[in-house]
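Asks: Chain by chain, the residues:
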Amino acid sequence: AQSVTQPDIHITVSEGASLELRCNYSYGATPYLFWYVQSPGQGLQLLLKYFSGDTLVQGIKGFEAEFKRSQSSFNLRKPSVHWSDAAEYFCAVGPYSGGGADGLTFGKGTHLIIQP
Amino acid sequence: ETGVTQSPTHLIKTRGQQVTLRCSSQSGHNTVSWYQQALGQGPQFIFQYYREEENGRGNFPPRFSGLQFPNYSSELNVNALELDDSALYLCASSSRGGARAGELFFGEGSRLTVL
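Top to bottom, those sequences are chains Y and S. Residue numbers for the first sequence follow our numbering, beginning at 40 and rising by one. Residue numbers for the second sequence follow our numbering, beginning at 11 and rising by one.
Warning: the hint list may mix true and false statements.
Chain S stretches covered by chain Y per the calculated footprint, using a threshold of three residues with CB under 8 Å from any CB of chain Y [as the list claims (entries may be wrong)]:
1. 40-51
2. 113-124
Not close to chain S: a few residues of chain Y, all C-beta gaps over 12 Å, as computed [what the hints assert, rightly or not]:
3. I48
4. L58
5. N63
6. L83
7. Q84
8. S112
No lab work stands behind these hints, which were simulated from the structure alone. Remember, predicted model here, so these are calculated numbers, not experimental data. Quick reminder that beta carbons are idealized off the backbone N, C-alpha and C, glycines included.
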């Protein structure tokens with residue numbers, strides 16, 4: 040069965056500092072990987088995705104993520120965070136169609152707090 | 011480009027009742043997925059519809075059912091509501107083709123409270 044682990048439930052970062060959110064996955068085939076962000080009371084917005092090719096992918100809002108097959112990881116990074124980045128971040132893995140038996144499997148999320 | 015819209019945004023039901031949640035897909039999308047997000051958890055896959063047929067189902071009982079209509083809008087029906095069904099229900103639309111194939115675009119959700 041596919042699974043996603045986000046080891047950090049909460050992370051606090053000072054505004055302007057760099058950020059790395061960890062994600063480890065388990066998937067039986069070629070993984071399609073995603074990072075989503077959710078602001079309070081809102082739906083999820085796609086930050087970036089990895090399907091194939093270059094293992095360093097760029098997303099919106101200055102985020103990037105690196106796929107490391109040997110470590111089964113897809114960590115999210117940002118060089119300098121802004122107060123508006125405070126939100127819940129979810130890593131997800133699934134099939135290309137997003138369907139099948141499991142759809143996308145999401146991690147439990149990492150709550151990002153930005154200190155002034 | 012119209013995004014994914016869901017209704018109602020909030021609702022309260024009592025245990026044993028039935029509920030219908032509605033979702034309008036983003037224009038150009040032919041696939042709809044439903045997710046349940048309990049408080050403090052990540053979304054969990056309920057099922058997906060493609061061309062009005064169920065295309066995959068997560069670990070949810072049969073009292074969770076759905077429909078997709080010819081215009082690609084969708085409904086999620088939950089019968090015999092239980093307290094644990096209290097959650098945010100998220101609809102996501104996607105396309106099977108094009109540059110953004112496979113990306114899920116989420117609505118803002120329907121918050122269901124079961125008393």
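Asks: Run through the hints listed earlier and report the numbers of any the structure violates, in increasing order.
Replies: Hints 3, 6, 7 contradicted; others consistent.
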